[in-house]
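Letter by letter, the chains look like this.
Number of protein chains: 2
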Amino acid sequence: MDDRIQQYLAAQRDRHLEEMKEWLSIPSISALSEHKEDVRRAAQWAAEALQKAGIENVRVMPTKGHPVVYGEWLKAEGKPTVLIYGHYDVQPVDPLALWKTPPFEPDIREGKIFARGASDDKGQTFMHIKALEAILHTTGSLPLNFKFCIEGEEEIGSPNLDEFVEQNKELLAADVLVISDTPLLDRGKPAICTGLRGLCGLQIDVKGANSDLHSGLYGGAVQNPIHALVQILDSMRNEDGQITIEGFYDRVVPVSEEEREQYRALGYDEQKLKDELGVPEFFGEKGYSLLERTWTRPTLEINGIYGGFQGEGIKTVLPSEAHAKITCRLVPDQDPDEIIALIRNHIERHTPPGVTVTTQLFDRGKPFATPIDHPVIQAAARAYESVYRAPVAFTRMGGSIPVVATFDSVLNVPIVLMGFGLPNENFHAPNEHFHLENFDKGLLTLCTYWFELERTLAANAG
Amino acid sequence: MDDRIQQYLAAQRDRHLEEMKEWLSIPSISALSEHKEDVRRAAQWAAEALQKAGIENVRVMPTKGHPVVYGEWLKAEGKPTVLIYGHYDVQPVDPLALWKTPPFEPDIREGKIFARGASDDKGQTFMHIKALEAILHTTGSLPLNFKFCIEGEEEIGSPNLDEFVEQNKELLAADVLVISDTPLLDRGKPAICTGLRGLCGLQIDVKGANSDLHSGLYGGAVQNPIHALVQILDSMRNEDGQITIEGFYDRVVPVSEEEREQYRALGYDEQKLKDELGVPEFFGEKGYSLLERTWTRPTLEINGIYGGFQGEGIKTVLPSEAHAKITCRLVPDQDPDEIIALIRNHIERHTPPGVTVTTQLFDRGKPFATPIDHPVIQAAARAYESVYRAPVAFTRMGGSIPVVATFDSVLNVPIVLMGFGLPNENFHAPNEHFHLENFDKGLLTLCTYWFELERTLAANAG
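From first to last, the protein sequence lines stand for chains A and B. Sequence positions in the first sequence follow the working numbering and run 1 to 462. Sequence positions in the second sequence follow the working numbering and run 463 to 924.
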């Protein structure tokens with residue numbers, strides 16, 4: 001890689017960080033309708049940033065929900081094309097009281113930038129824009145052709161991206177898809193993610209009497225919707241942490257002994273994580289290690305529950321309704337639609353008398369896995385290693401990027417998940433942040449990768 | 463009873479209702495600290511109303527919490543003394559959206575007055591004041607001596623009344639205690655309540671990791687506090703509606719076959735109640751009728767639950783905490799302190815790994831039961847029957863008036879629970895109301911009772 005690129009990045013660092021702060025200041029929370037206009041502003045900001053970097057044909061493309069930002073640079077004649085996917089939407093910020101500085105007033109302290117979206121995923125998407133800006137500005141060209149697809153609905157499960165990708169198959173056609181939305185293994189330890197869990201989720205709504213009742217007058221005779229909900233939810237998991245939805249594990253591909261050995265070799269520091277999270281002990285499916293549980297096993301989690309009196313003190317009420325939100329993380333070859341059907345069957349079979357239960361469907365995403373020895377993966381590993389001076393770990397990830405499965409099936413390209421966040425940077429939680437050390441190293445890694453990838457693809461083509 | 467009393471009540475009806483509306487307009491919600499000043503205003507209003515009615519030595523007496531309003535009329539020389547207990551505090555009003563007219567803007571329509579506190583218990587306490595006003599105004603005297611004790615913490619379990627009664631034993635000394643805070647059996651069917659369930663309650667707080675986590679990254683490896691809470695709560699009740707807290711039923715006095723027969727004879731219309739409440743079917747402890755379940759059997763109800771994401775849509779979070787509020791209704795001879803200890807033991811034994819659980823104690827009240835054939839009860843029955851022209855049902859009630867047990871043990875007087883509300887008047891729920899038919903008949907019944915009671919006690923003394 002040309003030395004001038006590194007010099008350019010160093011010289012422009014302050015300006016780049018100021019620009020990134022600007023983007024992070026826009027509260028683009030896709031889940032909340034009152035932020036719709038902010039989400040649109042964040043899309044507009046991304047479009048302008050792409051243009052300033054030298055990306056061409058930039059468009060903010062409407063969908064049924066929040067728009068997709070597209071841009072391209074296709075002047076590397078005869079060279080392969082890279083599609084870069086990122087997202088400009090962010091998670092909600094509650095509980096707001098736990099943020100040390102406001103989520104949309106980015107604050108740099110102790111070598112980190114704190115803001116909602118700092119690592120997930122505005123920060124990392126921003127790096128992709130700036131890496132190409134640096135190469136273009138210093139060399140006047142790029143080693144490969146590039147396309148950007150930056151969406152605004154990742155945090156709500158990308159409900160409209162499937163259709164968008166399907167309808168814009170030609171526009172998005174590429175030879176490699178690169179996504180930076182996954183974490184490093186640890187500080188100074190790069191990782192390429194070769195597997196993602198899928199996702200499906202639903203809300204369970206339990207309805208009893210037509211209004212809240214006095215628990216003294218009716219308690220003991222009228223089914224309590226919270227009790228009913230608790231009973232339904234408790235029937236879904238046993239004391240060994242296994243999900244007891246009938247058929248839930250039927251399609252799970254067992255992890256090979258070889259893969260388990262590889263994970264053990266990573267020497268993951270469970271004690272350190274335990275201290276960081278402040279949990280007395282870990283808890284999960286019996287017979288699996290922590291990494292196996294989060295990377296290779298499916299889960300069912302209750303993300304939220306509410307019903308009855310939640311205020312200060314006590315109210316002796318027998319509430320008329322209760323609600324829970326649950327999501328499952330899925331692994332190959334589980335199918336989200338099938339799992340949803342199994343859950344609904346289970347709920348039906350476990351609904352106690354005296355209440356009616358309905359469900360609302362949320363997003364769905366298929367699980368994904370890619371071979372470690374693919375040349376585009378190996379080229380990414382070499383780029384990381386040249387910058388971080390440390391071996392790359394091939395990991396999986398417990399999270400879901402629903403669109404990965406879509407790209408996988410619609411565009412049929414190899415997918416490289418190379419991210420720069422750290423696992424404890426509070427994605428989805430208060431005080432989300434991003435280490436600037438990985439902002440700097442990440443930019444260099446990306447620039448290095450594009451040249452390395454060009455050579456690798458040329459060699460493989462030849 | 464003197465005809466002039468009835469004429470006076472008819473003539474003053476409009477003014478009385480206007481005055482009642484004034485009192486109902488004060489949002490004296492004892493559970494919410496922001497309403498502290500409103501609670502004080504409601505106490506002051508009661509004091510002034512007593513004075514206007516001719517009650518003497520009226521005082522607003524401070525406690526550690528909300529004040530008690532005291533007043534007396536002791537000029538019936540040589541006659542027994544009646545202590546009237548009521549409460550001027552009300553339940554919270556959420557969910558506010560379900561009220562057809564605002565809870566603190568009393569509205570009379572279809573022969574009912576709608577407001578929080580209309581029946582529970584400002585409306586009924588107001589009737590006691592007006593009954594004495596009517597007798598005093600028309601006859602210049604009262605047939606018995608009277609004392610009022612109107613408290614402001616009934617809806618939060620009367621935490622300071624025990625101490626108040628203990629410290630003011632002499633001041634409150636009486637021969638009969640009368641409370642109107644219990645419902646009629648049905649429209650036109652008077653009832654005297656001879657048993658109340660006791661109460662104890664606590665909040666369960668479950669804590670996992672020190673902040674909310676991404677359910678993808680940690681789901682399956684870190685205990686989810688909502689799952690843990692659901693597991694703990696579900697372990698407290700089985701599918702037959704029995705409470706499975708070890709030792710919970712040990713001190714329960716079984717209902718006699720005679721008493722069960724008497725309840726069956728009431729011909730309670732279960733279908734009508736089912737329709738009113740809008741439940742598909744009733745649910746409760748196996749082997750007991752609806753009345754037995756609510757009057758004579760103890761319960762454990764979850765009054766509220768909350769944790770994790772409760773907003774619109776989905777948030778794939780593994781929350782750091784979850785909370786529930788539970789209360790038990792107790793029957794003779796269960797002891798609230800002992801039941802709390804049993805629940806805490808149960809929670810300890812059923813807490814799954816990976817979380818810590820703490821509990822916060824709420825109010826407690828002992829269960830109560832009184833003999834049906836007591837002369838003061840029988841006199842009340844005659845008063846009801848002379849006005850309602852219908853036989854009185856001797857019932858129990860599922861609710862709790864914690865102070866009844868205190869009066870029972872500290873003052874050692876017979877207690878008459880004669881109320882005028884209807885079971886479906888939405889105490890503790892949106893659109894609480896009170897039928898004016900029972901406002902009118904109730905006033906006559908009370909006036910009749912005081913003369914009837916004077917005769918009965920004189921006969922018994924002689």
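Do not take every clue at face value.
[Stated by the list, open to error] Now the in silico label distances, taken between C-beta atoms and shown as ranges: (1) T821(B) with V253(A): 36 to 46 Å; (2) P95(A) with P853(B): 56 to 66 Å; (3) D269(A) with R806(B): 35 to 45 Å; (4) M523(B) with N210(A): 32 to 42 Å.
Derived by calculation from the structure, the hints in this document are not laboratory data. Please read these numbers as outputs of a predicted model, since none were measured by experiment. Backbone N, C-alpha and C fix where the C-beta goes; we use that ideal spot for every residue, glycine too.
These are the hints, each one checked on the structure:
At roughly 44 Å, the beta-carbon separation of T821(B) and V253(A) lies within the given 36 to 46 Å, and the hint holds. Take P95(A) and P853(B): their Cβ atoms lie about 57 Å apart, and the range 56 to 66 Å holds. Distance hint check: the CB atoms of D269(A) and R806(B) are about 36 Å apart, consistent with the given range 35 to 45 Å. In this structure the supplied range 32 to 42 Å holds for M523(B) paired with N210(A), their Cβ-Cβ distance being about 41 Å.
Violated hints for the displayed structure: none, as all numbered hints are satisfied.
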